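To convert, note that position 105 of the sequence shown is 105 in this note's numbering; the numbers rise steadily by one, no gaps.
No lab work stands behind these hints, which were simulated from the structure alone.
Quick caveat: nothing in here was measured; it's all calculated off a predicted structure.
Please note: incorrect hints may appear among the correct ones.
[Claimed, not checked] For each label pair, taking beta carbons as the anchor points, the in silico distance ranges come out as:
hint, residue 1, residue 2, range
1, Arg55, Gln27, 32 to 38 Å
2, Pro65, Pro45, 17 to 23 Å
3, Gly102, Arg67, 15 to 21 Å
4, Thr101, Ala61, 27 to 33 Å
5, Gly18, Asn69, 16 to 22 Å
6, Gly41, Thr2, 30 to 36 Å
7, Ala4, Arg89, 33 to 39 Å
Beta carbons are placed, not taken as given, at the ideal position from N, Cα and C, and that holds for glycine.
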Amino acid sequence: MTVAVTGTWDLAIATPLGTIHAAVHLQEADGVLTGTASGAGEDVPLRDIVRTGDRLTWHQAITRPLRLNLAFDLTADGDTLTGTSKAGRLPASRVTGARRTGVTA
């Protein structure tokens with residue numbers, strides 16, 4: 001079963017440098033998911049977004065607090081996301097998220 005993931009999600013990423021907060025906005029048109037992530041003063045596009053059932057994966061590049069390429073692997077359960085974010089050879093960071101209510105997709 002494919003889970004609806006459109007909307008704005010508030011993410012908390014537990015990294016060795018501390019918890020990083022970001023917002024991810026996902027939208028769907030003609031069956032194709034697109035999205036952007038906002039945090040640390042920058043907005044970046046999400047790449048290679050794939051939704052398989054309740055699993056959601058994507059890649060994104062950030063420049064703050066460090067220049068990194070991130071790979072997210074999350075599971076959607078209603079209005080919550082849980083999973084990991086990985087940056088190259090660094091250990092995976094735990095990710096939790098909640099869909100904003102009252103925000104239209």
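- Message: Does the beta carbon distance between Gly102 and Arg67 stay inside 15 to 21 Å, or does it fall outside?
- Response: 35 Å, violated
- Message: I want to verify a distance hint. Is the separation of the beta carbons of Ala4 and Arg89 within 33 to 39 Å?
- Response: The hinted range 33 to 39 Å holds for Ala4 and Arg89, with Cβ atoms some 34 Å apart.
- Message: Verify the CB-CB distance for Pro65 and Pro45 against the hinted window 17 to 23 Å.
- Response: 19 Å, holds
- Is 27 to 33 Å a correct range for the gap between the Cβ atoms of Thr101 and Ala61? Distance hint for Thr101, Ala61 holds at roughly 29 Å.
- If you check the beta carbons of Gly18 and Asn69, does the distance land in 16 to 22 Å? At roughly 20 Å between Cβ atoms, Asn69 and Gly18 fall inside 16 to 22 Å, so the hint holds.
- Message: Just to be sure I understand the hint, the distance between the Cβ atoms of Gly41 and Thr2 should be within 30 to 36 Å; is that true here?
- Response: 34 Å, holds
- CB of Arg55 to CB of Gln27, is that within 32 to 38 Å? Violated: the Cβ-Cβ distance is about 19 Å, outside 32 to 38 Å.
Of the numbered hints given earlier, the model fails hints 1, 3; all others are met.
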